[in-house]
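From just these sequences and the hints, can you work out the full model?
There are 4 protein chains.
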Amino acid sequence: MTSIPAFESQATLKPLSFDPAKLAGLSERLIRSHWENNYGGSVKALATVKKQLAEALANKDTPAFIYNDLKREHLLRTGSVVFHECYFDNLGGNGQAGANERKAIADAFGSFDTWETEFRRMGAGLGGGSGWVILGFNVHTRQLENYWLGDHAHGPAATLPILAMDMYEHSYQMDFGAAAAQYIDAFFQNIQWEEVARRIGSAAKA
Amino acid sequence: MTSIPAFESQATLKPLSFDPAKLAGLSERLIRSHWENNYGGSVKALATVKKQLAEALANKDTPAFIYNDLKREHLLRTGSVVFHECYFDNLGGNGQAGANERKAIADAFGSFDTWETEFRRMGAGLGGGSGWVILGFNVHTRQLENYWLGDHAHGPAATLPILAMDMYEHSYQMDFGAAAAQYIDAFFQNIQWEEVARRIGSAAKA
Amino acid sequence: MTSIPAFESQATLKPLSFDPAKLAGLSERLIRSHWENNYGGSVKALATVKKQLAEALANKDTPAFIYNDLKREHLLRTGSVVFHECYFDNLGGNGQAGANERKAIADAFGSFDTWETEFRRMGAGLGGGSGWVILGFNVHTRQLENYWLGDHAHGPAATLPILAMDMYEHSYQMDFGAAAAQYIDAFFQNIQWEEVARRIGSAAKA
Amino acid sequence: MTSIPAFESQATLKPLSFDPAKLAGLSERLIRSHWENNYGGSVKALATVKKQLAEALANKDTPAFIYNDLKREHLLRTGSVVFHECYFDNLGGNGQAGANERKAIADAFGSFDTWETEFRRMGAGLGGGSGWVILGFNVHTRQLENYWLGDHAHGPAATLPILAMDMYEHSYQMDFGAAAAQYIDAFFQNIQWEEVARRIGSAAKA
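Protein chains in written order, with the numbering used here: chain A, 1 to 206; chain B, 1 to 206; chain C, 1 to 206; chain D, 1 to 206.
Derived by calculation from the structure, the hints in this document are not laboratory data. Heads up, some of the hints might be wrong.
The list cannot tell twin chains apart, which means a pair is met if one copy fits it or any two copies do.
Stated by the list, open to error - Under the rule of at most 35 Å between Cα atoms (straight-line distance), these lysine-lysine pairs were calculated in the DSBU-like manner:
| no. | residue 1 | residue 2 |
| --- | --- | --- |
| 1 | LYS103 | LYS44 |
| 2 | LYS103 | LYS60 |
| 3 | LYS103 | LYS14 |
| 4 | LYS103 | LYS51 |
| 5 | LYS14 | LYS51 |
| 6 | LYS103 | LYS22 |
| 7 | LYS22 | LYS51 |
| 8 | LYS14 | LYS205 |
| 9 | LYS22 | LYS44 |
| 10 | LYS44 | LYS205 |
| 11 | LYS103 | LYS205 |
| 12 | LYS14 | LYS44 |
| 13 | LYS60 | LYS44 |
Below, the structure is given as structure tokens:
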């Protein structure tokens, strides 16, 4: 059988780029569970969905609206896999933004503090629910903006993620219970700004 | 007052790249209404949302979850503006895909026909409702895939649109009533494949 | 095979309670297309979904998240069928609210005008998109309120619909194009207030 | 100022109907946090939204689509408050369904086991995400069915909740981490079936 890239997905999980025992204020148990169960669960689910899509597409009798139920799951799981990989890769740092990325963000938001205020407020507003806060570069409008996502199926159009903060409760309940604000503080302390800087540079070329 | 790019948006509508009186099977009245009222309405709405966000961010008393209601509208309207601009720009052609873009699509989907079958089926499944069918290049996974979107807030993660088909009913009801299948046929007859080819080339560099 | 009511649905469309050729400002063509294609489409889709659910439930190998894709479609199509039946049944009148229903609404909203202002504004805000405006009686909170719905899967918890206005574009594009405000005016002219009054009385007993 | 019931909401939380220290397999810490922070947070948020709606409605310059952002939050928070009250009230029992409610459920689903199989499978499919599983009586179709909800804004049309299982991660992460299946087992052990039976009786009269 010929390989069809559009109906394939990764077989393995992308390893953590840092030692989960060494984050500041985020437990190894939380990070390992998040990586293995939530990110890992979506990697497996995406593979299942793609297999079912290939079969359903080959079947002329599949009603189109039923086919789309699988395509919705495809969108959702793709979002989960991609945003989780961005998320883990932008953790493991010391939380200190370098001059270049500070300037890029300040240029877009008026000041670095304005950006941080909005990003944190959006996180606070998602506490107790589900979703993501994404600093992204919109390739179409050429803007660096913060985007609110209510679930994995949401996503800003034509946008490359620069910094991703998971606000699903599996990101913090195990360590902080309902205290999402403490998680947001911990997230900021562990941002891997070198990776953020790399993404800013890469996105600017798109 | 200092300019803050992240809280600004375009003041004007992007003009149509083709003569709306000359599409095959899509009336000038439909295209003009779609461009002016639906795309144009979102351009205006996005400007209003951004202004309200700037004011709300400056107000420490804005509850975070209320702030996020505006950020959700920001996501939704950004999607509407960006996808509509992609949509109109990929219309106005003769519907004949060139060898290069046919090959790129066939490489991803096994065959060009498999791609077209899925893209059309997804459109059919959205008939009578709302949403988009997007052929996109996922910069993170390096895959060319078709994505289902249920509304403007949906969007594939880290993906650049290659071909966008609007399935909101304002795209076809005026000409075809509930006969979405006729609209999909007409859409395919008017695809501007040179623009699609340009986007494929551009996305590959991201 | 034993009948399983939870996995069954109606085989036929509920007939219109009025002559679609005689509404004020809403064409017979629009109403017939809406009833047959959009409402009728959901009646058929719901039957298909229920059949697939029964089969998938009997199969132990169906992944739970794939099963839920069908349950989401079940929720969506149930909403479409129920709200459409409420909608058509609250059309065909002369648009003149009687004293009793005016009083019930005024008691809840401070004045009948306040209710109408909110209901119409919500409709205007849904123009160009999808969704419903529902005046409903919340059996749990014992409140009469207006609810915004963005699609058929949305719905107010524990609430019986009293007056339903469809804001999907198939409700008006054929007659009014993008001019949703004209449709809202026409909707109000055709409200069957006797049916609304009947529902208020019935809901109060729940 | 005249009281306007439609723009008011409850000032206080509905107390737990059971001693949270005495559930089987669900910790007092989990239940108290869930009740106070998640349910309680929505009670406060709903009050805030209603106040802002009353102000925004009185302001003629509020754009309709911005008004609807608040109405979406109104829908979402109403769902959260109502479903949480149903949820806590259907906990605190011994998990043993009585003959009457078993028969009502068996009549609808073919067998009580079929119902339980679907209800549990839907819960499993929601693990790691957000949403609710609702056994509800649809007053319009006169059916007892299980409904999938992806968030608090979702809801089955014209339906009274009979049994509600919260699948937001705040319902279980604190006790079980990502092991949603263990939570579902614990939920079933604590169902207050007398309350379920009461709701079935009450719904049948609607």
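Here's how the hints hold up against the structure:
1. Taking identical chains as interchangeable, the C-alpha atoms of LYS103 and LYS44 lie at most 35 Å apart only when they sit on different chains, with a minimum of 30 Å there against 39 Å within one chain.
2. With identical chains, the CA atoms of LYS103 and LYS60 are at most 35 Å apart between copies only, with a shortest distance of 25 Å across copies and 54 Å within one.
3. Both within a single protomer and between protomers do LYS103 and LYS14 lie at most 35 Å apart by alpha-carbon distance, with minima of 30 Å and 30 Å respectively.
4. With identical chains, the CA atoms of LYS103 and LYS51 are at most 35 Å apart between copies only, with a shortest distance of 23 Å across copies and 45 Å within one.
5. In this assembly of identical chains, the alpha carbons of LYS14 and LYS51 lie at most 35 Å apart only when taken from the same copy (21 Å versus 39 Å across copies).
6. In this homomeric assembly, LYS103 and LYS22 come within 35 Å of each other (Cα to Cα) only inside a single copy, at 29 Å, whereas the closest approach across copies is 48 Å.
7. Taking the shortest alpha-carbon separations for LYS22 and LYS51, neither the intra-copy value of 38 Å nor the inter-copy value of 42 Å comes in at or below 35 Å.
8. Proximity of LYS14 to LYS205 under the C-alpha cut-off of 35 Å is found in both arrangements, the shortest distances being 25 Å within a copy and 23 Å between copies.
9. Taking the closest pair of Cα atoms, LYS22 and LYS44 come within 35 Å of each other only inside a single copy of the chain (27 Å); across copies the shortest separation is 37 Å, beyond that limit.
10. For the homomeric pair LYS44 and LYS205, the shortest alpha-carbon distances inside one copy (32 Å) and between copies (29 Å) are both at most 35 Å.
11. In this assembly of identical chains, LYS103 and LYS205 lie within 35 Å of each other by CA distance both inside one copy and across copies; the values are 18 Å within and 25 Å between.
12. When the C-alpha separation of LYS14 and LYS44 is checked against a cutoff of 35 Å, the pair qualifies only within one copy, where the shortest distance is 13 Å, while the shortest distance between copies is 41 Å.
13. With identical chains, the CA atoms of LYS60 and LYS44 are at most 35 Å apart both within one copy (26 Å) and between copies (18 Å).
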